Amino acid sequence: MMMKLDFPFFSGRFQSATLWILESVLHPAALVLLGSAFLISLSGCNGGSKSDSPPAQANSGKANPSETSSGDQSASPSESEGSPKKPGQKYVDGIPYDVFFDRPLSVAAENTSPPAMSVTENPTPGNTTPDNKMASNNPPATTPPSQTTPPAATGAQSWENIMKKDALLDQITQLRNTLTANVNSVGSFNRELLAIQIDAATLAALAGVAGQMQDDFTWKPKAPAVRDAASEIAVAAETRGRPSFEIAEKNFLNIVEILNGGTPAELPESNPETVFSDVADRNLLMKKIKIHADWSRTTVSDEATLKSEKEEVMSRAALLRLLGEVVNLNDYVFAEEKDYKTFCQELIDGARQMYEGAEKDDYNLYSTGFELFNKSCNDCHPVYLNN
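Taken in order, the sequence shown gives residues 14 to 400; the numbers are from my numbering.
In short, the hints are calculated from the structure, not lab data. Just so you know, these numbers come straight off a predicted model, no measurement behind them. It is possible that part of the hints are untrue.
[To be verified] Below are the DSSO-like pairs computed for lysine-lysine, each with C-alpha atoms no more than 30 Å apart in a straight line:
(1) K263 / K178
(2) K233 / K178
(3) K300 / K177
(4) K373 / K388
(5) K303 / K177
(6) K323 / K177
(7) K233 / K301
(8) K320 / K178
(9) K323 / K388
(10) K373 / K323
(11) K301 / K373
(12) K354 / K373
(13) K263 / K233
(14) K373 / K177
(15) K301 / K320
[Stated by the list, open to error] Quick list of the computed label-pair ranges, beta carbon to beta carbon:
(16) S314 / L280: 43 to 53 Å
(17) K300 / E270: 19 to 29 Å
(18) K373 / A278: 47 to 57 Å
(19) E384 / A278: 31 to 41 Å
(20) G200 / N343: 37 to 47 Å
(21) D228 / E324: 19 to 29 Å
(22) N296 / N203: 19 to 29 Å
(23) A180 / N296: 19 to 29 Å
(24) K323 / T193: 21 to 31 Å
(25) D183 / L207: 19 to 29 Å
(26) T186 / P281: 17 to 27 Å
(27) N174 / P281: 31 to 41 Å
Beta carbons: idealized from backbone N, C-alpha and C, even for Gly.
Make a model of the complete structure from these sequences and hints.
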């Protein structure tokens, strides 16, 4: 009986082991035949030239075994026998010669080596270095942002240090009452255009201050809406007639409803940040300052009148100081000029002394403050009033 054995490796110790098995087990007659085939294989493995294999590979269309994966390198005998023999190609026991490896032990060692450890998927960018191929998926530790205290509402100082909340709300109430009388009809509106402009611009400035105060009150969240509505009234009062009156009336009714704690329908959105020069015309604010300065000049002439008009003097002096702080903000033109800053600071300091003199019943202090206040106006107007 003819036995057919497949020996994938014909070199080294595999050859010696194969011969021992053949001599001990197989029939001598078969041994002769197999021995002949074995000698042919030895001559092919040890003495064959490597230049013989490329033509066979090119003709067969198979890839070079050294360039293919381990799965492609071990072809089964059945597949080889089923293929027709081609001229010029070497065979070992019916198996094409080019399926055997030139260095089987080395190939076996290479194909059985453990797979290289792969880098963790989706490494965090920046964590993989040439010395550290294993990148972590965890994001790098970050330093929590530092907690910073927000800046004060105003550039120079807190508005509460200039005018208390209750005093500010009282000033707003007075302006509301005046506007109620003047924005009552087309006739009253047409007669009091300038007064409406002055009071509306002042209300816009005070509402802007109210929104920046630290203290809370009922309508503080809607202070920007009051500010913008008052500014619209001042603009509408530049022109006589029913159309302008209706604009002023609509905005004033919104203000009244907000001050009463309500929320008007279709209230326009307002920017929470206040740019005072956009909502309160400086010339109108200076006219309001002049009205209070004229009242002080004609009303308070001695210590007796200072005491009798104490509350009114303090209220007007506080408003003078607040408006001086507003027009001193960098929102306004010329506000960064040295002379302008000097005039504004004299107005602020004079109004503060007027307030303190009335509070302490000190006419001399009040009078000193009023003189400084009056000086700042007289020095400022020739330079900046009409510019």
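Q: Would you mind confirming whether the straight-line C-alpha gap from K373 to K177 stays at or under 30 Å?
A: Cα-Cα ~18 Å, so holds.
Q. Are the Cα positions of K301 and K373 separated by 30 Å at most?
A. holds, 25 Å
**Q.** Distance restraint hint 17 to 27 Å, applied to the beta-carbon atoms of T186 and P281
**A.** holds, 24 Å
(Q) Check whether the Cα positions of K373 and K323 lie no farther apart than 30 Å. (A) holds, 9 Å
Q) Given a hinted range of 47 to 57 Å, is it respected by the beta-carbon distance of K373 and A278? A) Hint holds: Cβ distance 49 Å, inside 47 to 57 Å.
**Q.** Outcome of range test on Cβ distance (A180, N296; 19 to 29 Å)
**A.** holds, 25 Å
Q: For the range 37 to 47 Å, tell me whether the beta carbons of G200 and N343 fit it or not.
A: holds, 41 Å
Q | 30 Å limit on alpha-carbon distance, applied to hinted pair K300 and K177 | A | Answer holds: K300 to K177 is near 23 Å, not above 30 Å.
Q. Is K354 close enough to K373, meaning Cα to Cα at most 30 Å?
A. Since the Cα atoms of K354 and K373 sit roughly 28 Å apart, the hinted pair holds (cutoff 30 Å).
Q.
Assuming the hint says 19 to 29 Å, is it satisfied by the Cβ distance from K300 to E270 or not?
A. holds, 28 Å
Q: Take the C-alpha atoms of K373 and K388, compute the straight-line distance between them, and say whether it is at most 30 Å.
A: holds, 23 Å
Q) Keeping to a limit of 30 Å between CA atoms, is the pair of K323 and K177 held or broken? A) This hinted pair holds, its Cα atoms lying about 17 Å apart.
Figure legend: structure checked against the earlier numbered hints; the only hint not met is number 19.
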